[in-house]
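K.L.:
Sequence order for the protein chains is A and B.
Our numbering numbers the first residue of the first sequence as 1361 and each following residue consecutively.
Our numbering numbers the first residue of the second sequence as 1361 and each following residue consecutively.
Be a bit skeptical, because a hint or two may be false.
[Claimed, not checked] Heads up, simulated SDA-like pairs for lysine to any residue below, C-alpha to C-alpha not over 25 Å straight-line:
no., chain 1, residue 1, chain 2, residue 2
1, A, K1620, B, E1465
2, A, K1382, A, G1415
3, B, K1514, A, G1415
4, A, K1468, B, R1479
5, B, K1382, A, R1443
6, A, K1614, A, K1505
7, A, K1486, A, E1421
8, A, K1382, A, K1667
9, B, K1620, A, T1499
10, B, K1382, A, K1514
11, A, K1468, B, M1616
12, A, K1514, A, C1460
13, A, K1717, B, D1654
14, B, K1544, B, P1574
15, B, K1468, A, K1717
16, B, K1470, A, R1443
17, A, K1667, A, L1613
18, A, K1470, B, N1483
19, B, K1468, A, K1392
20, A, K1505, A, L1613
21, B, K1633, B, M1616
22, A, K1468, B, K1514
23, A, K1486, B, P1574
Please keep in mind that the hints were generated in silico from the structure rather than gathered at the bench.
Because the structure is a prediction, the values reported are computed rather than measured.
Protein chains: 2
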Amino acid sequence: MHSNDGSWMFDCGEGSQIQLQKSKVRAGKVNKIFISHLHGDHMFGLPGLLCTISGNNQRSEPLEIFGPVGLRRFIRTSLELSRTMLGFSYIVHEMKVLPCQIPPEVQKWKIEDSCNEQRLHPNERKGCLIEADSDNVWTLLSNDKISVKAVYLKHRIPSFGFCIQEAASPGKLDLSKLSLQGVKPGPWCKEVKEGRIVTLPDGRTIDPADVVGPPKPGRKVIIMGDTCNSSEIYTVGMDADVLVHEATLQNSLKDMALEKGHSTPGMAAEVGKDLRIRLLVLTHFSQRYMPVSDEYEEEETVSILVKEAQEIMGPNRVLAAEDFLSITIPLRPAPQTEGSEVNEHNLAVFKQSSALKEDHAENSQVKKKVLKHNGEENELTSTEEVKAKRLKVEEPPS
Amino acid sequence: MHSNDGSWMFDCGEGSQIQLQKSKVRAGKVNKIFISHLHGDHMFGLPGLLCTISGNNQRSEPLEIFGPVGLRRFIRTSLELSRTMLGFSYIVHEMKVLPCQIPPEVQKWKIEDSCNEQRLHPNERKGCLIEADSDNVWTLLSNDKISVKAVYLKHRIPSFGFCIQEAASPGKLDLSKLSLQGVKPGPWCKEVKEGRIVTLPDGRTIDPADVVGPPKPGRKVIIMGDTCNSSEIYTVGMDADVLVHEATLQNSLKDMALEKGHSTPGMAAEVGKDLRIRLLVLTHFSQRYMPVSDEYEEEETVSILVKEAQEIMGPNRVLAAEDFLSITIPLRPAPQTEGSEVNEHNLAVFKQSSALKEDHAENSQVKKKVLKHNGEENELTSTEEVKAKRLKVEEPPS
């Protein structure tokens, strides 16, 4: 995810560094990595990625990595045994897992998941142990621009979903209303926009309630780890712009999906509908579903998963994730009437593009295709591996 | 490497499982893995590969993994933290590193490289600690069909080269010579072929020296880890059929290569020439050298590395490794006169083919090219990543 805070990465399976290098994302600009759970297909690419980032380093601040307890030990062991020295510092902040997250069979298999905090890797800085609050929410990050909260997801091992909330931006100062009061704009306008009542030199007071429009809500993105029950996201996920949710197997295979700790498109879409999500992006497809291309019949592809989710979410609110798919999330308008913005967003306003570098797009490894949505043509670029979920958040106006 | 002992893999960088699945090699048939050293590009793919093998498991015997001390800890930590249960057992045999292998900067950075031998992973069986003998040779495996010995290589961290020696097969029984003695073949022939003098029921003795030709020497393959000085291989590597040696940078960049612990084509070829190697396969190329294809000028590609080695080894004795390149090593003829077989082998007798699965070869990801050697056309298949070094040993006649 790109925002004005940098490039953030969510999960890092094997081969992520290879795909990253083919993409327009600059490895050296990745400044935060979030790992949803410790299954290999979500973290085995991390040590290699750190090496790649090290070779393209543009950071002065440490790289921050967030994930469940055990992640620090995995990273440190991998870097130490491979004698890897990085060109930057890193910090691993771990989420303390709740007892209810640990299935009995995992509880029985005792492992060492902590590490010696007296002997860090030479590039490591001491990270935090983040505990859940009384609502079972882990606050990973919170500043005046953005916050990231995590909730737990039911899976075969402890798994998390991340909710990224952009801060609201101040409403627009209505110059015509100032003019009606016979006041000319001045440096004090900034304070009024920020919500403070200002007294002018002539004694008049300017109340933001009179001259400033409603604040523009920030955008909200939810990116989930593997799960067969994501209901905890209801605590923080209402009205998100985008929900990235796994849909491993089709609805008719729900029993198998549940047994493996996974979801169907129907399950993902029910969550999306309940939360009034504007765009549901399905991901983590079983290998039995091929990427959409001319080579395969539609019913062999992930299209059938998208269709199943569309039956619940509506036709313009569901996409299948693909490597290099880039989605631009539009800034939210200031609300006119409560809830009205829900219907103003649909697939057509989420600009899709390819994050694949042009020199890779030109070579024969990449199959291009054109999807039609609402009469508009959006060019997507896909490779055979369907797993990436990079989202782009438009820069808010400064 | 395929032999009648199964499929063996040498080193396992990130993404190896993905390439393996595109190849004709069946993941479930891999029964031994050798790791030359613990740098990430040689081992970070191992945990993921084990998961892939687990899903395609066809083994009853444990998978054996050989590598330097520290490998067991890396594998166990990765599998434990990701809560990976495999569908088979595995054993890690570690090579005890000699003090002379550890550069001072590595010695200073103390890490934990052993693990608790009382608490194995549930799929793990207890492995050995293999020590070097007085010639600085580690014997990893030795039976009546094949042996694997390792020697140390100078590199930035402890690194090893592997010498795989097929056992000699018995010479041919000369039936015409038996006939001259008026003897008809019988079940005792097997004993004679194996070198024992046999007394027939009528009291006559048959001496193998009279009726059995010279034994056919077994083939020998050397696969080296990263190195800037591979002279220890001289102990065991004489007259090998194939030497896989790294050649990271061209001859003019030798100083840079040495500084990074790597070799040039010239260095690799000098070793190849000294050891009277029949085929030198260069590998581990810097990313600055592109794979050979129509897209690049020849001087931008690994061709320049091959040429530099050819200047020393001769034009028909050097190849560049590529993903999916498969080389069939011809059986050795019984020696007629000492040393004569050296000249009987050249590039033309090493059959090259592609180990890429046909469904992958057909899609647009694969660029095909035809190389000419000695007037013969050999079709190779390459992808953009140049790193694999799978060798195929022809099945010896039973």
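K.L.:
Hint by hint, note whether the structure agrees.
P.N.:
Results of checking the hints against the structure:
Distance hint between K1620 of chain A and E1465 of chain B is unfulfilled; the C-alpha atoms sit about 46 Å from each other, more than 25 Å. Of the pairs offered as hints, the one joining K1382 of chain A and G1415 of chain A holds, with about 15 Å between alpha carbons and a cut-off of 25 Å not exceeded. Straight-line distance between C-alpha atoms of K1514 of chain B and G1415 of chain A comes to about 24 Å, which keeps the hinted pair within the 25 Å bound. A distance of roughly 14 Å separates the Cα atoms of K1468 of chain A and R1479 of chain B; the hinted pair therefore holds under the 25 Å criterion.
Distance check on the hinted pair: K1382 of chain B and R1443 of chain A sit about 31 Å apart at the alpha-carbon level, beyond 25 Å; violated. Restraint check: the Cα-Cα separation between K1614 of chain A and K1505 of chain A comes to about 39 Å, which exceeds 25 Å; the hinted pair is violated. Only pairs whose Cα atoms come within 25 Å are accepted, and K1486 of chain A paired with E1421 of chain A is accepted, the gap being roughly 14 Å. Taking the CA atoms of K1382 of chain A and K1667 of chain A, the gap is about 30 Å. The hint is violated against a cut of 25 Å.
For the hint pairing K1620 of chain B with T1499 of chain A, the CA-to-CA distance comes to about 43 Å; that exceeds 25 Å, so the pair is violated. A distance of roughly 33 Å separates the Cα atoms of K1382 of chain B and K1514 of chain A; the hinted pair therefore is violated under the 25 Å criterion. Proposed proximity of K1468 of chain A and M1616 of chain B is contradicted: the alpha carbons are some 51 Å apart, above 25 Å. Simply put, K1514 of chain A and C1460 of chain A have alpha-carbon atoms about 9 Å apart, close enough for the 25 Å limit, and the pair holds.
Simply put, K1717 of chain A and D1654 of chain B have alpha-carbon atoms about 20 Å apart, close enough for the 25 Å limit, and the pair holds. At roughly 21 Å between alpha-carbon atoms, K1544 of chain B and P1574 of chain B fall within 25 Å of each other, so this suggested pair holds. For the hint linking K1468 of chain B to K1717 of chain A, the alpha-carbon distance of about 41 Å lies beyond 25 Å, and the restraint is violated. About 10 Å separates the Cα atoms of K1470 of chain B and R1443 of chain A, which keeps this hinted pair within 25 Å; it holds.
Restraint check: the Cα-Cα separation between K1667 of chain A and L1613 of chain A comes to about 15 Å, which is no more than 25 Å; the hinted pair holds. Taking the CA atoms of K1470 of chain A and N1483 of chain B, the gap is near 14 Å; set against the 25 Å cutoff, the hint holds. Among the hinted pairs, K1468 of chain B with K1392 of chain A is inconsistent with the structure: their alpha-carbon atoms are about 30 Å apart, more than 25 Å. For the hint pairing K1505 of chain A with L1613 of chain A, the CA-to-CA distance comes to about 42 Å; that exceeds 25 Å, so the pair is violated.
This hinted pair checks out: K1633 of chain B and M1616 of chain B have alpha carbons roughly 23 Å apart, not beyond 25 Å. Our distance criterion of 25 Å between C-alpha atoms is broken by K1468 of chain A and K1514 of chain B, whose separation comes to about 44 Å. Distance check on the hinted pair: K1486 of chain A and P1574 of chain B sit about 67 Å apart at the alpha-carbon level, beyond 25 Å; violated.
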